[in-house]
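Each chain, letter by letter, is given below.
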Amino acid sequence: MSLKKGKIKNNSQLCILIAIFFGFFVLMSVLMPGTFLRLGTMQSMMVQLPEFGIYALAMMFAMILGGIDLSIVSIGNLSSIIASQFMLRYMIANAGETENLRVVVQGICIALAVGALCGIFNGVSVAVVGIPPMLATLASMSIFNGISTVLTKGASLQGLPEEYALIGKSTLFGIIPIIIVIFLLAACIAYVIQKRTKLGMKMFLVGSNARAAQFSGINNHFVIITAYLLSGVLSSLAGIIMTSRSMSAKMDYGLIYQLQAILAVVLGGVSPKGGIGSVGGVVMAVLSLQVLSTGLNILNLASTSYVKNLIWGLFLVVVLLMNYYADTKKRKGKI
Amino acid sequence: MNTDSSFIKLTNIGKSFAGVVALKGIDLEIRPGKIYCLMGENGCGKSTLIKIISGVYAPDQGKIELDGKLVKHMTPKEAIKNGIEVIYQDFSVFPNLTVAENISVNTEITQKRKAVNWKRIYRQAQLALDKLGITLPLDETVERLSVANRQLIAISRAIAHDARLLIMDEPTTALTKREVDALFAVVKRLNASGISIIFVSHKLDEVMQLSQEIVIMRNGEKVADGSISDFTKEDIIYHMTGRRLDSTSYGGPQSAGAKTTLEVKHITQKGGFTDVSFGIKECEIVGITGLLGSGRTALANALFGIHKIDSGEILLEGKKVKLGSVRSAVSNGIAYVPEDRLTEGLFLSQPIGKNIAVTVLDKISNRIGMLKASSIKALALQWIETLHIKTSSDELLAHSLSGGNQQKVVIAKWLAIEPKVLILNGPTVGVDIGAKTDIIEMVKSLARQGMSIILVSDDVSEIMMCCNRILLMRSGRITEEILTDHITEPELYAKIRAQEV
Chain A
109 MSLKKGKIKN NSQLCILIAI FFGFFVLMSV LMPGTFLRLG TMQSMMVQLP EFGIYALAMM
169 FAMILGGIDL SIVSIGNLSS IIASQFMLRY MIANAGETEN LRVVVQGICI ALAVGALCGI
229 FNGVSVAVVG IPPMLATLAS MSIFNGISTV LTKGASLQGL PEEYALIGKS TLFGIIPIII
289 VIFLLAACIA YVIQKRTKLG MKMFLVGSNA RAAQFSGINN HFVIITAYLL SGVLSSLAGI
349 IMTSRSMSAK MDYGLIYQLQ AILAVVLGGV SPKGGIGSVG GVVMAVLSLQ VLSTGLNILN
409 LASTSYVKNL IWGLFLVVVL LMNYYADTKK RKGKI
Chain B
2 MNTDSSFIKL TNIGKSFAGV VALKGIDLEI RPGKIYCLMG ENGCGKSTLI KIISGVYAPD
62 QGKIELDGKL VKHMTPKEAI KNGIEVIYQD FSVFPNLTVA ENISVNTEIT QKRKAVNWKR
122 IYRQAQLALD KLGITLPLDE TVERLSVANR QLIAISRAIA HDARLLIMDE PTTALTKREV
182 DALFAVVKRL NASGISIIFV SHKLDEVMQL SQEIVIMRNG EKVADGSISD FTKEDIIYHM
242 TGRRLDSTSY GGPQSAGAKT TLEVKHITQK GGFTDVSFGI KECEIVGITG LLGSGRTALA
302 NALFGIHKID SGEILLEGKK VKLGSVRSAV SNGIAYVPED RLTEGLFLSQ PIGKNIAVTV
362 LDKISNRIGM LKASSIKALA LQWIETLHIK TSSDELLAHS LSGGNQQKVV IAKWLAIEPK
422 VLILNGPTVG VDIGAKTDII EMVKSLARQG MSIILVSDDV SEIMMCCNRI LLMRSGRITE
482 EILTDHITEP ELYAKIRAQE V
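Top to bottom, those sequences are chains A and B. Going by our numbering, the first sequence opens with residue 109, and the numbers climb by one from there. Going by our numbering, the second sequence opens with residue 2, and the numbers climb by one from there.
Just chain A, same shape as in the assembly (with noise of 0.2 Å):
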């Protein structure tokens, strides 16, 4: 009997998780037939997700360790404005078609770099200074929004190349964009990573009990700056999309993603103590967020971010309930 519980439990958030998914789209189309079930709605929710989405990835990876990644935007920008400035030196002015596409996938390959060497830099501070992760990458934070004021002082970075606008533009059969593509193969990866390699597992364990990790020979350093450099990476990723969906660099662009992440991360059922979670359940919790704030949207009860944030910090709590009480429930019915 009890054979089962272990498995369900996991398995049950994330049917909660899919069964509000499903109670948003249903509610809304019943709602607004009209508005939201078409396809340009459709579209304009796969092309706002998956930056957000891919923040929530980043911060999953520090999660998953019983951390925190409080820079994970910071990142994001800093990689960008990186790219873009070298974009802008060595971009062709007044060029063909596809001339500065070499300078655009340089552009990309470098700000990828910048987040990884800024993930590892976390990682460091966490893993081998000892620095609790919230203040680590509070810090970095800092460090990572100061590097880019003083980069371009403040201002936006505009006149990238057009090339760049394809990754945000471009579509896959005329109908999907490619970067929900994108962030479809990024939770795959992470997906992979976390379930089917070792290194993944050992996220898992050290974020359970990592000195029980330290006793059992594995290389928590290692393990630590790894999740904080993957994080890095996807944080760069997602300030790419960003840049180039607007085709401009700032250095305080998508600052409320920060707190979005973890939000959409402790939803989807990753345990803030570590070493619980499932790439699944976040990526529900972001299609959910996301049909939920498009809804709120077009309701028009959402005219400000402020009232979205509201019901997301509502939802929060609903669901965090929903959890606590399936659980006890469940603890009363054992003994």
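The set of hints was computed from the structure by calculation and includes no laboratory data. We put the beta carbon where it would ideally sit given N, CA and C, even for glycine. Hints are supplied without guarantee of correctness; some may be wrong.
Capping the alpha-carbon separation at 30 Å, the derived lysine-lysine pairs in DSS-like fashion look like this [unchecked claim]:
(1) B:321 - B:421
(2) A:381 - B:373
(3) B:391 - A:303
(4) B:391 - A:381
(5) A:303 - B:373
Just so you have them, the derived chain A footprint on chain B, three or more residues with Cβ under 8 Å [as the list claims (entries may be wrong)]:
(6) 326-333
(7) 341-349
Based on the hints, put chain B in the right spot on chain A.
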């Protein structure tokens, strides 16, 4: 008060949880001024029974009589009003409050006082301490006291309002021998003043030493009870486990030609141990014992590369090795079952399978580090079967296992690397007797197959049963090396205690 009439009488008590029977047909009588010991393996229903006596659970059937009067609804409040007090394993003291506040807090609350009268708080606290015959500084914050003293505070609090029955759930788990003696003196003093005691413990020696009456439970039933003088140790173990314990010593196949696996020469770690030298051969079990703080754990940790040694050398099969990290120790074939299985040994929130596979991830993953769930499962199932780990699935969380089975999981993960040297630090602490027997048998049979085993323990009978040789440690040095054949259990016990100053 008449000692013949019972204080509490339970008749035919039964309790089930969600269809699982936890207690069936329990008859129990607690008479005033007696010390009872409640024994049984984990999951035998001890805690459920205690919770029924203290009013936390209501029984499904049977009746409870207090002073000969039938009690219909026993609640925790009712129990406390009648002088039934329980001291749980964690004592539930407030570490940030002072001794006096801790002792008086319950009385203050039950009397519904709104204003704080410090004089009264101090007077009550002093009174309670006097009853126990102990002195503690009343204005010290509790977090600065030792575990033993915190426990005394919990006891003081319990007796601050007239307790008639004190239930102590495994009170000696975290205490040194000296502190245990002090605790027993307090318990006997309380008992002499007419308070009944129910003492829950795994430790046979303590039970034989302290209690007057014994109640043994197995699988939710009372299997034996009576005066302690009618029972031998073997009887108690038999009643608890349903089988006889093989208490013969290991002896071990020691031939002169056996190779030395591990040898340490004059190793020193500042603050840990000084100038330690010894060697261990194939098929040999060496016991390291000594008091808490004698350096035994520091030594074990150093041999596993958790902390580096400052000087001296470590030889493995004759070759000098440097154990700078756990990984270097593991790659040299040294495995370590740590002292604290909950914080150092297990990943409680993870499945049993992953807990076992953690040490061999490199072996069961492919070249690019991909893992198959099936290979983890196969490994886990193999060890669950080999070590008789009681669980219905390898996917259950480690959290769900009993202490003994958790310890087997920790042992399994190390046997999986096929070590040459296995260091066990307190392998049977907090483990029920059945699992303890299993673990001891397993240690012996591993040694017979050639493994070198270092057993760090303060359980004298366990050391006598397993080891060829015993190293006695004191203040970081090995003070004596004893062959098990040349010493008896009481002698070894006395030697360890003699170190206490």
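Here's how the hints hold up against the structure:
A C-alpha spacing of about 15 Å is found between residue 321 (chain B) and residue 421 (chain B), which places the hinted pair at or below 30 Å, so the restraint holds. A threshold of 30 Å between alpha carbons decides the hint, and for residue 381 (chain A) with residue 373 (chain B) the separation of about 26 Å falls inside it, so the pair holds. Our distance criterion of 30 Å between C-alpha atoms is met by residue 391 (chain B) and residue 303 (chain A), whose separation comes to about 26 Å. A distance of roughly 28 Å separates the Cα atoms of residue 391 (chain B) and residue 381 (chain A); the hinted pair therefore holds under the 30 Å criterion.
Distance check on the hinted pair: residue 303 (chain A) and residue 373 (chain B) sit about 9 Å apart at the alpha-carbon level, within 30 Å; holds. Counting residues of the segment 326-333 of chain B whose C-beta sits closer than 8 Å to any C-beta of chain A gives 4, which meets the bar of three, so the coverage hint holds. Closer than 8 Å: that is the beta-carbon criterion, and the segment 341-349 of chain B has 6 residues meeting it against chain A, so the requirement of 3 holds.
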